[in-house]
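Undergrad: From first to last, the protein sequence lines stand for chains A and B.
Per my numbering, residue 1 is the first one in the first sequence, and the count goes up by one each step.
Per my numbering, residue 1 is the first one in the second sequence, and the count goes up by one each step.
Just so you know, these hints were derived from the structure itself, not from any lab.
Since the structure is predicted, the reported quantities are computational estimates derived from the model, not experimental observations.
Think of the CB as a built atom: it goes at the ideal place given N, C-alpha and C, for glycine as much as any other residue.
Treat the hints with care, as some may be off.
Under 10 angstroms between C-beta atoms, here's a sample of chain A residues computed to sit facing chain B [to be verified]:
| no. | residue |
| --- | --- |
| 1 | Q35 |
| 2 | L38 |
| 3 | A41 |
| 4 | L264 |
| 5 | P300 |
| 6 | V368 |
| 7 | A392 |
| 8 | E394 |
| 9 | A402 |
| 10 | E405 |
There are 2 protein chains.
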Amino acid sequence: MPPIPPIRQGSELPHTQQGIRRRNLSLVLRTVAAQGPLSRAAVASRIGLTRAAVSTLVDELVRTDLLVEPGPGQRSTAVDRPGRPGRPGSALALSERGPVGIGAEVGVDHLAACAVDLNGTVRAKAVLAGDNRGRPPEPVIKELTRLIREVTEAARTAGLRPAGLGVAVPGLVGRDARTVVRAPNLGWTQVDLGQHLGDALPPYVDNEANLGALAELWLGGSPTRPTPDSEPASESAAGGAIDAAADGTTDAAAGGDLAPRDFLHVSAEIGIGAAVVVDGRLLRGARGFAGELGHVPVRPEGPDCPCGGRGCLEQYAGAEAVLRAAGLPPGEGRVGQLAALADGGDPRVRRALRGAGSALGIAVSGAVNLLDPQTVVLGGALSRLAPWLLPAMERELRRRTADPERPSGASVSVSRLGSDGPLLGAAHAVVQAVLDDPASAPPPPA
Amino acid sequence: MPPIPPIRQGSELPHTQQGIRRRNLSLVLRTVAAQGPLSRAAVASRIGLTRAAVSTLVDELVRTDLLVEPGPGQRSTAVDRPGRPGRPGSALALSERGPVGIGAEVGVDHLAACAVDLNGTVRAKAVLAGDNRGRPPEPVIKELTRLIREVTEAARTAGLRPAGLGVAVPGLVGRDARTVVRAPNLGWTQVDLGQHLGDALPPYVDNEANLGALAELWLGGSPTRPTPDSEPASESAAGGAIDAAADGTTDAAAGGDLAPRDFLHVSAEIGIGAAVVVDGRLLRGARGFAGELGHVPVRPEGPDCPCGGRGCLEQYAGAEAVLRAAGLPPGEGRVGQLAALADGGDPRVRRALRGAGSALGIAVSGAVNLLDPQTVVLGGALSRLAPWLLPAMERELRRRTADPERPSGASVSVSRLGSDGPLLGAAHAVVQAVLDDPASAPPPPA
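Generate coordinates for the entire structure from the input sequences, incorporating the hints supplied.
TA: Here it is, written out as structure tokens:
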């Protein structure tokens, strides 16, 4: 397998003639992505360039398989999107055969990989359930590499070109975007994934909560897409944290058609993480370690936490704490088990989830008072437990964040992406890099 | 008195030939402000424009009294800054006779106004002590207007030109930057200062914690400047919250020569506020209400708070709570009284301040885990109480924010600006607007 080219995260294009051309290619591509299908004339009028200039740019984007422009009388399936009826004729749309972003996820109880095309559609996916706690990095990364290879090959077979690799991990990632500084639930410290992911190099590595929040920003406002062409999962994800994104939680989704641009994204797998998005940008912190909501004190004299503190949110709302409060043994399949038992009416599990919801509400109240976000989004595994967490959480928020301009306190919505958020965010980070600099995408075969 | 011209906060200069010229004027002025004194040639090489282009821009800045360029053999006093020995010859420096920013502050127990020149030097200052709680806006604004007029006239007498008015208030300010939405400690709601400050219009109004943090960003890295030309205070500020900035707390200051650009600024007058500065920019929140650290829950089942919550930080570390814990009656001069008693060794006051420090540490730990700031800065009245607050606060931070990369937890430094921060920030917001768009400053008399 040829190496996956690097992605240029936030690349600063040079201020040269060539840099301006690349910026304009991005402008055309992003305009079609946001508002397409559009004719060449419509693109020109929206971005304020001449039709001739736009036509040269469009020709290059069509030639490199980033845009398609079906002839009169044809209809592109790419334009058959919900709420956007396909128009006959020469309307530009994003290609379904061009670059794809490869995403991978190291979860505490699963591994996953997927390929996402420019339209945001998942074109291949592979999942491997299994407890990764305490396992050394090498065998885990070997299994992950196999999943990445599977989805990459599936994408190539479908005529797509992998444009880069994003990796979500349940831990703190260094500013180099490749080193896992610390992942307590895996037991990893200072693991350089750039070195380990040998033939899929160099990956862009980020914290799962950050990528979940970015997925919400990029994809959260639209209905979750089905995965018609996805590969079957490599192994059954029995009881694992990954489910089809279009599961029952979609009904609870409160988002509109526009994704919010100022929000606090709260997610969980085993630990509890958060990400602060301000004006469409992720707040990463001075060292890149922002978002550690799980270690915000809820009751300062509460139970000891492995972090060294006491009464941290994770001691009340982390998966282990909820299982303990419900009288259940720790183990695999925590979230699925809790959701099933709560759904079945188990009073101990429901009480434990109410307690977790209260603790979440207390910690999130502090964050809301400090940050004044537009809304709070529950994502990751928390979205599956939302029906039982939300009432207690919202009661605390009403008490602690209400003001005359917002009498019922800060609003909470539930991510439509569910547990797939981090994986989709990892793949979509690559897609965003292509939209930012189309010239960086791998060229079509000669 | 002629009206003070408006300041253009964050004005977007137009993309026209004139806009480019104004941007380049700003570039020259900011380069001299940051690195001066500099020759014309040195400015040209630093900003990458030709010497001819820079000379035209410099001529305009000298003509409008924004820059001075003493002839050979002369020395400008403006260049005699600490650590920057004045050089003889034609070195450009910021003018001491050009525009000044007028700052004003509505405090709960004082009113103040000042004039700050382009160098950041306070050129005039007036303070009026007195309890403003429960007073209607009109008489308070009338007194404030008098102070503003005093410092404005003093500045004009010294040959300076007021370029705008910034106003710090102890409450939430609307996105219009003129309406006090809610100031619980004054008892004000929906007070339009733009309308009330009739002849000093239109002011730029902001929350005191925000302006204190901006002052820290703009001025905090340099030693506090003396105020050689300042007017005597209008009335004695006996026991009030305003003191000379260069008071004893300067010894506790831990800042280096470079102000941090990612920090959490925690300040207090009666309430407790915070401001989050990320990459040199203030995080304002979706509604402009970010920074309400005083209502972060410390003990979720603690005392009722007027905000509707329970166990908020203000119930443990607000001035009233500390006075109550020390067995003292509520009243004026709280911070001064507490500092004097603690300094004298009063055990009840010291114990009360230790309790307040612990509560601050718990709430700030949560903020640090969420935001990963470079440092935490104690400002406003808290800086005077730092010697007694810090040990308990730092103990909580060590326990709750330590990690392998930072074993002693988040660092706390004490603002060198002290209680003057919000007032200086208000005046300096005007100076920043002049540095951003020098052409907007009032022209010198013909």
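Undergrad: Taking 10 angstroms as the limit, does the beta-carbon of V368 (chain A) come near enough to a beta-carbon in chain B?
TA: 9 angstroms, holds
Undergrad: Given A41 (chain A) was flagged as interface, is its beta-carbon under 10 angstroms from a beta-carbon of chain B?
TA: 24 angstroms, violated
Undergrad: Are L38 (chain A) and chain B close enough, Cβ to Cβ, to be under 10 angstroms, as the hint says?
TA: Since chain B brings no Cβ nearer than about 25 angstroms to L38 (chain A), farther than 10 angstroms, the hint is violated.
Undergrad: Close enough to count: is the Cβ of P300 (chain A) nearer than 10 angstroms to one in chain B?
TA: 5 angstroms, holds
Undergrad: How about L264 (chain A): closest beta carbon in chain B under 10 angstroms, or not?
TA: For L264 (chain A), the interface hint holds, since the closest Cβ of chain B sits about 9 angstroms away, which is under 10 angstroms.
Undergrad: Does Q35 (chain A) meet its interface restraint, that is, does its C-beta lie within less than 10 angstroms of any C-beta in chain B?
TA: It is violated, given that the least Cβ distance between Q35 (chain A) and chain B is near 23 angstroms, above 10 angstroms.
Undergrad: Using 10 angstroms as the Cβ threshold, decide whether A402 (chain A) counts as touching chain B.
TA: It holds, given that the least Cβ distance between A402 (chain A) and chain B is near 5 angstroms, below 10 angstroms.
Undergrad: Tell me if A392 (chain A) is really an interface residue toward chain B, meaning its C-beta lies closer than 10 angstroms to one of theirs.
TA: It is violated, given that the least Cβ distance between A392 (chain A) and chain B is near 12 angstroms, above 10 angstroms.
Undergrad: Mind checking the CB of E405 (chain A) against every CB in chain B and telling me if the closest is under 10 angstroms?
TA: Result: holds, 7 angstroms to nearest chain B Cβ.
Undergrad: Can E394 (chain A) be said to touch chain B, with a Cβ gap under 10 angstroms?
TA: Violated: closest Cβ of chain B sits about 14 angstroms from E394 (chain A), beyond 10 angstroms.
The structure fails to meet hints 1, 2, 3, 7, 8 from the earlier list, while all remaining hints are met.
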